[in-house]
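Enquirer: Sequence:
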Amino acid sequence: MAFGVMVGQPGALVAAAVATMWWLLRHDHPVWAGLALSLLVLKPQLALLVPVCLLVSGHARTFGAWLVASILIGLVALALLGPDGLARYRDVLAQTQTPAWDITRRYSISGPLGLGPVLNVAQVGVVAVTLFTAWRHRGQGPEIPMAAGIVGSLLVTPYLGFQDFVMLIVAGWLVLRAGATSFQVGLMVVGYALLQLALVVLAIPILAAEGLFLLSLGWSRR
Numbered sequence: 031m032a033f034g035v036m037v038g039q040p041g042a043l044v045a046a047a048v049a050t051m052w053w054l055l056r057h058d059h060p061v062w063a064g065l066a067l068s069l070l071v072l073k074p075q076l077a078l079l080v081p082v083c084l085l086v087s088g089h090a091r092t093f094g095a096w097l098v099a100s101i102l103i104g105l106v107a108l109a110l111l112g113p114d115g116l117a118r119y120r121d122v123l124a125q126t127q128t129p130a131w132d133i134t135r136r137y138s139i140s141g142p143l144g145l146g147p148v149l150n151v152a153q154v155g156v157v158a159v160t161l162f163t164a165w166r167h168r169g170q171g172p173e174i175p176m177a178a179g180i181v182g183s184l185l186v187t188p189y190l191g192f193q194d195f196v197m198l199i200v201a202g203w204l205v206l207r208a209g210a211t212s213f214q215v216g217l218m219v220v221g222y223a224l225l226q227l228a229l230v231v232l233a234i235p236i237l238a239a240e241g242l243f244l245l246s247l248g249w250s251r252r
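Using the working numbering, read the sequence shown as starting at 31 and increasing by one per residue.
Think of the hints as simulated: they come from the structure by calculation, not from any bench.
Watch out, some of these pointers could steer you wrong.
Ranges between beta-carbon positions, derived for each pair [claimed, not checked]:
#1 Asp-121 - Gly-94: 31 to 39 angstroms
#2 Gly-241 - Asp-121: 28 to 36 angstroms
#3 Tyr-189 - Tyr-222: 18 to 26 angstroms
#4 Ile-103 - Leu-227: 32 to 40 angstroms
Note that this is a predicted model, so its numbers are computed, not measured.
No residue lacks a Cβ here, since even glycine has one placed at the ideal position from N, Cα and C.
Please construct the entire structure, taking both the sequences and the accompanying hints into account.
Expert: The following block contains the structure:
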């Protein structure tokens, strides 16, 4: 987290926005929760599936407020960028699909799988498991759908730095509040140890721990 703040990355702000959204939702302020979640625009790939998971799990008002606020923010951003700025932004995004940006995919499934149809199938599979988990826990509180949305987002994003794993702290906290199983607690302990060594260990063990954690959320039902 400290490194992310030092280099100007907004991951900590996105994590705070997601946590604030949970608090507002738990205190029966669904619209305000959606507005808080709109700060996701700062770095959307860190929790892009969270709003959809909320919709699938029965929190339509929060999803609607997030969607309206995000559209308004997007329109303002487009107006400020203008045609030239938008074209340059598209060029920058296109560069992320080149080998020069492989390092940004190291900690997501696109790292070991590479770009291509295999990756696309895997991404669809992760999204399907994520949404199934949210649907399976509908009406049981927002914690598990939100945690699944965070983990699923980190797995499928094409752009991720190790400082962005701050989102997993939020996901773990949500699962603990919902009542984590002993297996999930064990995975969180192992995952924490792996993340402390993220710069020296291979990404595969980290991805495996994330994948198992996501599957465990879909398997268990409280």
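Enquirer: State the violated hints by number, sorted upward, taking the hints as numbered earlier in the document.
Expert: none
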